[in-house]
Every structure is written in structure tokens, then in C-alpha cells.
Amino acid sequence: MFRTYRSMGHYYSRSLLGGYMKSYTINLQGFDTLKIGQPLWIPDPAELLRNPTLLGMLAEDVRKYGGELNNYLLDRAPLQNSRKYVYVSTKLQYLTPEMLSISNDDWHCDPGVVAPFNHNIITHILASGSKHISSMTQFFDRSVDFHTDESVLQMNHREFREHLTQHIDEFDIDPSAIVRDRFFTFLSSHPHRAVHPLRPEFRFFCRITESDDPPLNSMYNLKNTMPRHSTVFTDMGHTRNIETHDDSILIYDKY
Amino acid sequence: MTMSYKLRLEGFPSITVSDTIDLPFRIDEVLRTPWGTRISADDAYKHGGEIMRYLLDHTPLHNTKKYVNIYLGVHYVTPQLLSVPTSDWHCDGSGAPFLADDILHTMICDTVGLGTNLRTEFLAEHLDLDVADYHHIDQMNHQEFRQWIATYIGDDVTPEEVEPSKMYTWTSRHLHRVGFAKEPHFRMFWKVAESDLLVPNPTDKAFKSYTMATLGNNGTDAYSIEQGPKGIICRGMHI
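First to last, the protein sequences are chains A and B.
Take the position in the first sequence, starting the count at 1, then add 4; the result is the number in this note's numbering.
Take the position in the second sequence, starting the count at 1, then add 3; the result is the number in this note's numbering.
Hints were generated in silico from the structure; no laboratory data involved.
The structure presented is a predicted model; accordingly, all values stated were derived computationally and were not measured.
You may find that some hints are simply not true.
[Claimed, not checked] Below, computed lysine to aspartate or glutamate pairings styled on EDC-like, alpha-carbon distance capped at 20 angstroms: (1) B:K194 / B:D22; (2) B:K233 / A:E247; (3) A:K135 / B:D25; (4) A:K135 / B:D31; (5) B:K194 / B:E164; (6) B:K233 / A:D251; (7) B:K9 / B:D133; (8) B:K9 / B:E128; (9) B:K233 / A:D239; (10) A:K258 / B:D31; (11) A:K135 / B:E128; (12) B:K211 / A:D257; (13) B:K233 / A:D257; (14) A:K135 / A:D185; (15) B:K68 / B:D104; (16) A:K258 / B:E32; (17) A:K39 / A:D178; (18) B:K9 / B:D104.
[Stated by the list, open to error] Covered stretches of chain A (chain B as the covering partner; in silico rule of three or more C-beta atoms under 8 angstroms from a C-beta of chain B): (19) 43 to 54; (20) 129 to 140; (21) 203 to 213.
[As the list claims (entries may be wrong)] Counterexamples of contact, computed for chain B against chain A with all Cβ distances above 10 angstroms: (22) D31; (23) H50; (24) G52; (25) P63; (26) D159; (27) E186; (28) T206; (29) G222.
For each residue, glycine too, the CB sits at the ideal point set by N, CA and C.
Please model the entire structure based on the sequences and the hints provided.
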């Protein structure tokens, strides 16, 4: 999409639209810069079926409504408390090679805003689930410099993900997967990707985000942040996965 | 002079234990395989699916009785929900408890995604009792026998629990029990009863797309897991 030229000691890119852009280098951080927590006790999937699903719930609401396990995780996450807000998401999914945790396995950076690699959020993730769980998030095994141009500053999450995917072969990196039952702390400059399951399995995932961004008031309420179901991606789209009712739990293993 | 009845309740040393059996199944498979109670061996081979046939092939049948009854199911057990009707000590078998001559083969299946921490307990050693005739122990039904054991023996015995993925072969004289789960988990249970009296269910009644559990000790029946058309429903709980 862009051609790079050297001129007067600076790198410029020429876009197909004809404009010139300054070169821009992003330091994409690798596994060696992650902070890794101590192993935690996480219950079996059968017990996790009863844990409330949270979707970006503020920590103060988790304290009131989040339940025992979600509060235990919040207590043990290595929070830096240097941001205004703490959001908690937890879910249990029943995954198969056809039922995926997210829609793609491309490398990307969080969050989903303009210049996702340049945001000031701190993210703590923990994965657990079935005994031989295979769908563990991967990071670059080492840090690399991504030489690109300033157009990346205007890219949204999807555009940057595609841009990164186009150039991924230039980096000479190996993927390194997280291990279960520990918090891994990373920044928006840590590219990572989901790994699709090799076989049917339960996957429990906790994400705690420290951010200066306030919740979207029109969206934030207990109903939205405490859905009674988790979801997966299938070739039919985004579908319900594990649904909690007053007297039963429904695991959708067909769609 | 009071007459007495000499009752021997067998213990662990008289149980035949197999080597660990490889169980190449996963949670999604065992939740979708055919389940049932008192399935005949013929029906198991014809309609029981791969897992049931595999388990039956690994069961050391004596083939000395008229009937073979197969029980297979997965329960979602919780601290208030039993996978069996009672957590009391009891004997299995057709007819009067401990007098039946059924041969039983059982296994708690240890496979990916299943909990195995809820294990059947037998007596560590056999127990010889002189029971006064007026108890009429030989005329008791299963419920009366359980109550009698609870009253006269209580917990004054040493239990020994089974190991997962091993087949245990025992008789109607083996006292045993299963307790309450300490935490929710999936429990897959396999049992084969060889009997001269216990007749297998007809095919349409033997296979079931659900398992039943018991709410509290000797409590009411409740659905445990249903195999629904689009998903697996774990029931019998208040969330």
C-alpha cells in the first residue's frame, strides 16, 4: 500500500494517493517484557459454570455483585492502580474447532481505538479451563521494531490488525503462549493473538483492564456488564454459548 | 434364648480390581454418548455407541448369570445433589439386600474434563455381625436395610475409596456408599450388574437422554443433565 523513500536523511512513505508520510517506528513488545503472576487456584469448569459472566464491569461494582471467584481474581490481579478505572471481564466458554472464542486469530494490539498500539491501558489476563486446554493466547517471543509510517497513527483497531498481519513475516518472531492459572500483564504495545482450540474444551478467561477511559454511560449498566450468557463465534456468526437460568445451565454444543 | 443371624458384609480385600483402563474420551463425547439404565448387552452393542461398547469390552464379565444390565450416565453433581438415591451405606442387588447373588462391575471414569474426586467407598475389611433374629434382617427391603445399618453400625467402620479408571468387581454383600460432592463437577459412572433376577429394560425404556439425581440424602428425584437438541442442560440446582 505504501512505498518508502529515503530523502534528506529521513524516511518518507508515499501513499498510493500521492502524499508523503514520515516514517514511524513502533516498538512491539514481546513475551520477555510481560509480567507474570503466581499460579492461582482456579476451580474446575463444572464449578466455573456457576461463576457470573462479567463484561467490562467496573471494579467497584464487582465488589458488590461480582461473586466470590471474580472478587478473588480482582484481589490477586497485580493492579498498578495508576489509571482512573478498572474494568473486569470474565467468562467461561465451551469451545470446539468450529466454536471460537473470538472471530479471528490475527495478531493485534488492544484496545480497539485509534492507534491501538499507542494507548495507555494496562491489561491483566488469566486463562484456565479444561485439563488439557489448547486455546492459550500467544505473544511475540521477543520485542521487535516495526518500521512503518505515520499513517498507523490514524488506523483503527481493524486497520492496524490488518497492517500488522501484512507485515508479520518481516519480524522473524516465534509465538509464545501464556500458561494457565497465572495473570499475565501487558500494555497496548504487546501484540498478541487468540489460538483456536484443537479439540472441544472449556475455556475460562479473565481480563482486567486499567484505563483512563471512562465507561460509555449510555452502554454501562448492570444488565450489560453482567450478561447471563457467554458467546462464541461460529460460521453462523456470534452465537450464545453457555447460558445461565434460575434453575439450570445450558451449554450450547450445537448451533 | 435369642437366636441370631450371622451376617458377613464383605470388604475391599474380596473385590477384584482391574489395572488402570485407558479411556480415550473427552467431555464433549461423554456428554453426547447414549446413556441409560438397565440396558441389555445386546442393546448396548447395537445402539449404545462407541463408548458404551468400549466400556463393555473392558468389563470382566463372568457370564454366569442370565442377564446383563448396563448403567451409563454423566451427572452434574453439586454439594446438594447426589448422583445416587442415598449417601448411606448400602448393598446393591436384586431382591433382599446382601442376599442377592448379583455380580457387579463399577468404574468412576477419569477422562478429560471429568471430575473423579467423588469416589465410591467400600469397607476396608469385612465385617462379621451377629444380628438378633427379631431384627428380621433377611426380610428387609433396601430402604429398611440402609436404615438398620445407619442405626446399628453408623459410621463406626473404616472406609476405603476406589481409584478412578479401574474396574471393581464385587457382589451384593459388599457394603458401599458415595458421599456428597464438595464442589460441582461432572461425574461419569459405569456399572454392569450380572443377575439371574434383574431383567434389562426394553430398548425404548433403557436408553435415556437424561440422568437423574437426588436432592439431599434420600431426597426427591431431580433431573441432573439433559441431552437437548441444541445443547446440554445441567439441571437440579438453584443458582
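Now for the hints, and whether the structure bears them out:
Taken as a hint, the B:K194 and B:D22 pair is honoured in the structure, with Cα atoms around 17 angstroms apart against an allowance of 20 angstroms. Using a Cα cut-off of 20 angstroms, the hinted pair B:K233 and A:E247 holds, with the two alpha carbons roughly 12 angstroms apart. A C-alpha spacing of about 16 angstroms is found between A:K135 and B:D25, which places the hinted pair at or below 20 angstroms, so the restraint holds. Taking the CA atoms of A:K135 and B:D31, the gap is near 13 angstroms; set against the 20 angstroms cutoff, the hint holds.
The suggested pairing of B:K194 with B:E164 holds, with an alpha-carbon distance near 16 angstroms, which does not exceed 20 angstroms. For the hint linking B:K233 to A:D251, the alpha-carbon distance of about 18 angstroms falls within 20 angstroms, and the restraint holds. At roughly 5 angstroms between alpha-carbon atoms, B:K9 and B:D133 fall within 20 angstroms of each other, so this suggested pair holds. With a C-alpha separation of about 17 angstroms, the suggested pairing of B:K9 with B:E128 holds against the 20 angstroms cut-off.
Only pairs whose Cα atoms come within 20 angstroms are accepted, and B:K233 paired with A:D239 is accepted, the gap being roughly 16 angstroms. The suggested pairing of A:K258 with B:D31 holds, with an alpha-carbon distance near 11 angstroms, which does not exceed 20 angstroms. Distance hint between A:K135 and B:E128 is unfulfilled; the C-alpha atoms sit about 35 angstroms from each other, more than 20 angstroms. For the hint linking B:K211 to A:D257, the alpha-carbon distance of about 19 angstroms falls within 20 angstroms, and the restraint holds.
A hinted pair counts as satisfied when its Cα atoms are at most 20 angstroms apart, and B:K233 with A:D257 qualifies at roughly 6 angstroms. The hinted pair formed by A:K135 and A:D185 meets the criterion: a straight-line CA distance of about 11 angstroms does not exceed 20 angstroms. The suggested pairing of B:K68 with B:D104 holds, with an alpha-carbon distance near 9 angstroms, which does not exceed 20 angstroms. With a C-alpha separation of about 13 angstroms, the suggested pairing of A:K258 with B:E32 holds against the 20 angstroms cut-off.
For the proposed pair A:K39 and A:D178, the alpha carbon gap of about 19 angstroms is at most 20 angstroms, so the pair holds. For the given pair, B:K9 sits about 17 angstroms from B:D104 by alpha-carbon distance, which is consistent with the 20 angstroms threshold. For the region 43 to 54 of chain A, the assignment as covered by chain B holds, since 7 residues bring a beta-carbon within under 8 angstroms of that chain's beta-carbons and 3 suffice. As drawn, the region 129 to 140 of chain A meets chain B at 3 residues by the rule of a beta-carbon pair under 8 angstroms; at three or more, the given contact holds.
Counting residues of the region 203 to 213 of chain A whose C-beta lies closer than 8 angstroms to any C-beta of chain B gives 4; at least three are required, and the coverage claim holds. Consistency note on B:D31: stated as away from chain A, yet its beta-carbon is not over 10 angstroms from all of that chain's, at 4 angstroms minimum. A cut-off of 10 angstroms between C-beta atoms confirms that B:H50 is not in contact with chain A; the least separation is 21 angstroms. Every Cβ of chain A is farther than 10 angstroms from the Cβ of B:G52; the closest lies at roughly 16 angstroms, confirming the non-interface assignment.
Listed as a non-interface residue, B:P63 keeps its Cβ farther than 10 angstroms from every Cβ of chain A; the least gap is roughly 28 angstroms. Every C-beta of chain A lies more than 10 angstroms from that of B:D159, the closest at about 33 angstroms, which supports listing it as non-interface. Consistency note on B:E186: stated as away from chain A, yet its beta-carbon is not over 10 angstroms from all of that chain's, at 5 angstroms minimum. Interface exclusion of B:T206 from chain A stands, the closest Cβ pair being 25 angstroms apart, more than 10 angstroms.
For B:G222, the shortest C-beta to C-beta distance to chain A comes to about 16 angstroms, beyond the 10 angstroms cut-off, and the non-interface label holds.
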